[in-house]
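Peer 1: All chains should be modelled from the sequences, with the hints used to inform the complete structure.
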Amino acid sequence: MTEHVTDDLEPYALGALSAEDAERIAAHLAACPACREDARSLAEVVGTLPDTVPSRAPRDVLRDRILAAARGDVPADTRPAAAWRIPFGRVRAWPIAIAGLASVAVLLAVIDVDASRRLAQATAEKDRWAAIADSVSEGGRWWYMAGKDELDGAGGTLIVPRAEGHGPFVLFHDLPKLSGKLLTVWLVSSDNTWVRAATFRPNGQGLQAVDVTVPVAGFDRCAVTLETAWTGPHTGTVVMESRIAPPPAN
Numbered sequence: 012m013t014e015h016v017t018d019d020l021e022p023y024a025l026g027a028l029s030a031e032d033a034e035r036i037a038a039h040l041a042a043c044p045a046c047r048e049d050a051r052s053l054a055e056v057v058g059t060l061p062d063t064v065p066s067r068a069p070r071d072v073l074r075d076r077i078l079a080a081a082r083g084d085v086p087a088d089t090r091p092a093a094a095w096r097i098p099f100g101r102v103r104a105w106p107i108a109i110a111g112l113a114s115v116a117v118l119l120a121v122i123d124v125d126a127s128r129r130l131a132q133a134t135a136e137k138d139r140w141a142a143i144a145d146s147v148s149e150g151g152r153w154w155y156m157a158g159k160d161e162l163d164g165a166g167g168t169l170i171v172p173r174a175e176g177h178g179p180f181v182l183f184h185d186l187p188k189l190s191g192k193l194l195t196v197w198l199v200s201s202d203n204t205w206v207r208a209a210t211f212r213p214n215g216q217g218l219q220a221v222d223v224t225v226p227v228a229g230f231d232r233c234a235v236t237l238e239t240a241w242t243g244p245h246t247g248t249v250v251m252e253s254r255i256a257p258p259p260a261n
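Here my numbering is used: position 85 in the sequence shown is 96, and no number is missing along the way.
Worth flagging that the hints you see were computed from the coordinates, not collected in a lab. A hint or two may mislead.
[Stated by the list, open to error] Derived SDA-like pairs: lysine to any residue, alpha-carbon spacing no greater than 20 Å straight-line:
1. Lys159 - Gly215
2. Lys159 - Thr239
3. Lys159 - Leu218
4. Lys188 - Asp222
5. Lys159 - Thr210
6. Lys159 - Leu237
7. Lys188 - Glu238
8. Lys188 - Ala240
9. Lys192 - Gly158
10. Lys188 - Gln216
11. Lys188 - Asn214
12. Lys192 - Glu252
13. Lys188 - Pro213
14. Lys188 - Gly215
15. Lys159 - Gly191
16. Lys188 - Val221
17. Lys188 - Thr239
18. Lys159 - Val199
19. Lys159 - Asn214
20. Lys159 - Gln216
Peer 2: This is the structure we're talking about:
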């Protein structure tokens, strides 16, 4: 006799299971009509939950698309992958499930005093990656900088999007957390004038996008240095750099 997976259906519907567990539940649904019917109802419920449920962090597929864009291989469709769906057509209402899942949203928003803050952070992060995907959807110009010394294995791509309304930024990958040090992005002119374009602290995540506050046009080189101050002249060690080639003549 097949054992039902009723207790796992709600976290499955909310996307809260690991990839391995989600695959296990999906395989069970394919062979169990009773659980599949319950999953139908949950799919509809999840689609109607209020926006108080915290947004999830960007999926890996979106990060993969951003990395592809940084390499110059812009996918034709840069929209984030849709959440899982159960293609079962129309489904019946399930009042008990509605009450249960709505309670989850209420508990997340009320009992956890940090829920609001975490919701704002998750939403901002998701919006940030969506904006980056949109900015490179029409292509642009980019220059890769390989890390060296303390940043060996890391790297950054200076990107000037072609899409209107989007400014330049550097997409870094595999930056380590640096105790007591900052990273500064510099634009360097032909007469060796260094202009500070951004200063930030690495977050230790796989990817980190940093806005460049100075137009790239007219500069010959981009460099990243280790610094100890948020302002002031260039004094630190260069850990990444690349020549900025002029745009092709029309």
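Peer 1: Now, for every hint given, state plainly whether the structure supports it.
Peer 2: Hint-by-hint comparison with the structure:
1. Lys159 - Gly215: Given that 20 Å is the threshold and the Cα spacing comes to 17 Å, the pair holds.
2. Lys159 - Thr239: 18 Å, holds
3. Lys159 - Leu218: 17 Å, holds
4. Lys188 - Asp222: 19 Å, holds
5. Lys159 - Thr210: 18 Å, holds
6. Lys159 - Leu237: Between Lys159 and Leu237 the Cα gap is close to 11 Å, so the pair holds against 20 Å.
7. Lys188 - Glu238: 14 Å, holds
8. Lys188 - Ala240: Holds, at roughly 16 Å.
9. Lys192 - Gly158: 16 Å, holds
10. Lys188 - Gln216: Measuring from Cα to Cα gives roughly 9 Å; hence the hint holds.
11. Lys188 - Asn214: Roughly 6 Å between the alpha carbons, so the hint for Lys188 and Asn214 holds.
12. Lys192 - Glu252: Holds - the C-alpha atoms of Glu252 and Lys192 are around 18 Å apart, at most 20 Å.
13. Lys188 - Pro213: Within the cut-off at roughly 5 Å; holds.
14. Lys188 - Gly215: 5 Å, holds
15. Lys159 - Gly191: 19 Å, holds
16. Lys188 - Val221: 15 Å, holds
17. Lys188 - Thr239: 14 Å, holds
18. Lys159 - Val199: 19 Å, holds
19. Lys159 - Asn214: Since the Cα atoms of Lys159 and Asn214 sit roughly 18 Å apart, the hinted pair holds (cutoff 20 Å).
20. Lys159 - Gln216: 18 Å, holds
Of the numbered hints stated above, none is contradicted by the structure.
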